[in-house]
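Enquirer: Here is how the chains run, residue by residue.
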Amino acid sequence: MAVSARQWLERIHALDLERKVRIMNVCGGHERAITLAGLRGALPEAVELIPGPGCPVCVCPEEDVYQAMQLALNEDIVLLAFGDMLRVPVNLPKREIRTLEQARAAGADVRPIASPTEAARVARDNPNTPVVFFAAGFETTTAPVAALLREGAPDNLSVLLSGRLTWPAVAMLLDSEDAGFHALIAPGHVSTVMGPEEWEFVVRDHHIPSAVAGFTPESLLAAMYSTLRQLQEDRCFLDNCYPEVVKPGGNRSAQHCLHETLDVVDANWRGVGQIPASGFALKPALATHDARLQFPSYEDPARKRIGDMPQGCDCSRVVLGKIYPNECKLYGLACTPRSPIGPCMVSDEGACRIWWAGGVRERREPVVA
Amino acid sequence: MCLAIPMRIMQVDGFNARCEAKGVERDVSLFMMQGEDVGVGDFVMVHVGYAIQKMTPQEARSAWELFDQALGTGDLPLTSGDDHV
Ligand code: SF4
Chain C
1 MAVSARQWLE RIHALDLERK VRIMNVCGGH ERAITLAGLR GALPEAVELI PGPGCPVCVC
61 PEEDVYQAMQ LALNEDIVLL AFGDMLRVPV NLPKREIRTL EQARAAGADV RPIASPTEAA
121 RVARDNPNTP VVFFAAGFET TTAPVAALLR EGAPDNLSVL LSGRLTWPAV AMLLDSEDAG
181 FHALIAPGHV STVMGPEEWE FVVRDHHIPS AVAGFTPESL LAAMYSTLRQ LQEDRCFLDN
241 CYPEVVKPGG NRSAQHCLHE TLDVVDANWR GVGQIPASGF ALKPALATHD ARLQFPSYED
301 PARKRIGDMP QGCDCSRVVL GKIYPNECKL YGLACTPRSP IGPCMVSDEG ACRIWWAGGV
361 RERREPVVA
Chain F
1001 MCLAIPMRIM QVDGFNARCE AKGVERDVSL FMMQGEDVGV GDFVMVHVGY AIQKMTPQEA
1061 RSAWELFDQA LGTGDLPLTS GDDHV
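These protein sequence lines are chains C and F, in that order. Using my numbering, the first residue of the first sequence is number 1, and each one after it goes up by one. Using my numbering, the first residue of the second sequence is number 1001, and each one after it goes up by one.
Hints may contain errors.
No more than 30 Å apart at the CA atoms, straight line, and that leaves these computed lysine-lysine pairs for DSSO-like [said to hold, decoys possible]:
| hint | chain 1 | residue 1 | chain 2 | residue 2 |
| --- | --- | --- | --- | --- |
| 1 | C | 283 | C | 247 |
| 2 | F | 1022 | C | 247 |
| 3 | C | 283 | C | 94 |
| 4 | F | 1054 | C | 304 |
| 5 | C | 283 | C | 322 |
| 6 | C | 304 | C | 283 |
Calculated from the model, a selection of chain F residues having no Cβ within reach of chain C, i.e. all distances over 12 Å [stated by the list, open to error]:
| hint | residue |
| --- | --- |
| 7 | 1004 |
| 8 | 1008 |
| 9 | 1010 |
| 10 | 1011 |
| 11 | 1012 |
| 12 | 1020 |
| 13 | 1022 |
| 14 | 1039 |
| 15 | 1040 |
| 16 | 1041 |
| 17 | 1060 |
If you are wondering where the hints come from, they were derived from the structure by calculation, not from laboratory data. None of these values were measured; they are calculated from a predicted model. The C-beta atom is built at its ideal place from N, Cα and C for all residues, glycine as well.
Model the full structure from these sequences, guided by the hints.
Expert: Written as structure tokens, this is what we have:
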């Protein structure tokens, strides 16, 4: 019989936890499910749940958002992007056009889409206009973009790709002096596509207990219980608490799409910096569909240096799990979902936005470690 | 956009499937399900308009419970991008 969330909680409370355990998740969907279900308040005090680098919108480089905006404003094109990207502000003074949404209000043809299939449709409906799909996302979102390219994108469709791989960011944290977590909840749908094996290095090389989780409180609590038990028994392994859709080897057909159309390249993460082999780029054979090659003049190398978080915004530390969202000085004061300052307050997967939506209103003083 | 939802396949035409969840219908691509045996009546996990894995009806149901909770926030991933700007 399936174990209920309450029963998982009882099991966790029955564990004799001697020291604080910090469990990191690296998926905005996990953070949302945790916050909406109020799991933090239900867990023993010794268990801390840390949102980590799980928001693709938040880590999409500022220079890419800027490039998409300039393209939309200056070229006679249609610019498509997932809805969240439209509200991410670039680092420009308030009186200037700072988001794709504002570019749209200023007359640019910017349209939000919910699926790469819509990009193909818009391109087919506008055969004489170049259509650029600004695609930010992790593996789960990038694989469908790869599928679109593999199936054969219309000639007038190009992709401004800001795809990222999740595991290299976790590897970077683990290779740093202070990873800041003792256990990992591995992302469910990334593992569905790429296979859970991708996360084995966490256990093998770093001796960090790990479990893949789904998005129900039951699955998340099962994963937490698993990692806590692993810690207690000093016996690490990669557990799979989302076997419904996470199969050994992942989705081979999706991986095939990725391998056939995209190369893995070094990539810049907003607020984090360059991470080796952590991004996707279109293969040279697909150059005619690569917006970076089709519109090279909009790439601004100078921007890469200033392309960090807005002044006063602590998203870079939020993304790396170094502080909780409400430890940022601007949280709920200058920065709210209505007038977001940093990308973590814009995106549905940003930890600041999720915490605000989950009803966290009070700020808290950063704990100096 | 990282949210994925289970949907039931109602019709299949090549790689294109008409899917349904809670009375909402959407076109879903089965392009990444090649090599899998999927057909009408099956449940699939759908992410940004693409099926990423097959699942059982029971699994689909338990996943839906989460979205029932999330409904209150008004950003169910079924909304197309065009609907909310
Ligand atoms: S509260 Fe706003 S300013 Fe502070 S880290 Fe979050 S997004 Fe950035």
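Enquirer: Run every hint past the structure and note whether it holds.
Expert: Do the hints match the structure? See the list:
1. Taking the CA atoms of residue 283(C) and residue 247(C), the gap is about 28 Å. The hint holds against a cut of 30 Å.
2. Between residue 1022(F) and residue 247(C) the CA atoms are separated by roughly 26 Å; this keeps the pair inside 30 Å, and the hint holds.
3. Under the criterion of a C-alpha separation no larger than 30 Å, the hint pairing residue 283(C) with residue 94(C) is inconsistent with the structure, at around 37 Å.
4. Distance check on the hinted pair: residue 1054(F) and residue 304(C) sit about 41 Å apart at the alpha-carbon level, beyond 30 Å; violated.
5. In summary, the hint linking residue 283(C) to residue 322(C) is not supported, as the alpha carbons are separated by about 35 Å, beyond the 30 Å threshold.
6. For the hint pairing residue 304(C) with residue 283(C), the CA-to-CA distance comes to about 23 Å; that is within 30 Å, so the pair holds.
7. With 12 Å as the threshold on Cβ separation, the claim that residue 1004(F) sits away from chain C is violated: the shortest Cβ distance comes to roughly 5 Å.
8. Even its closest Cβ contact with chain C, about 15 Å, leaves residue 1008(F) beyond 12 Å, as expected for a residue assigned away from the interface.
9. Look at residue 1010(F): its CB is around 17 Å from the nearest CB on chain C, clear of 12 Å, so calling it non-interface holds up.
10. With a least CB separation of 16 Å from chain C, residue 1011(F) remains clear of the 12 Å interface cut-off, as annotated.
11. For residue 1012(F), the non-interface assignment is confirmed: its Cβ lies about 15 Å from the closest Cβ of chain C, beyond the 12 Å cut-off.
12. Taking the minimum C-beta to C-beta distance to chain C, about 16 Å, the non-interface status of residue 1020(F) holds against the 12 Å cut.
13. With a cut of 12 Å on Cβ distances, residue 1022(F) stays outside the contact zone with chain C, its closest approach being about 16 Å.
14. The Cβ of residue 1039(F) sits about 16 Å from the closest Cβ of chain C, beyond the 12 Å cut-off, so the non-interface label holds.
15. At roughly 20 Å from the closest C-beta of chain C, the C-beta of residue 1040(F) stays outside 12 Å, upholding its exclusion from the interface.
16. No Cβ of chain C comes within 12 Å of the Cβ of residue 1041(F); the nearest lies about 18 Å off, and the non-interface call holds.
17. Not every CB of chain C lies more than 12 Å from the CB of residue 1060(F), the least distance being 9 Å, so the non-interface label is violated.
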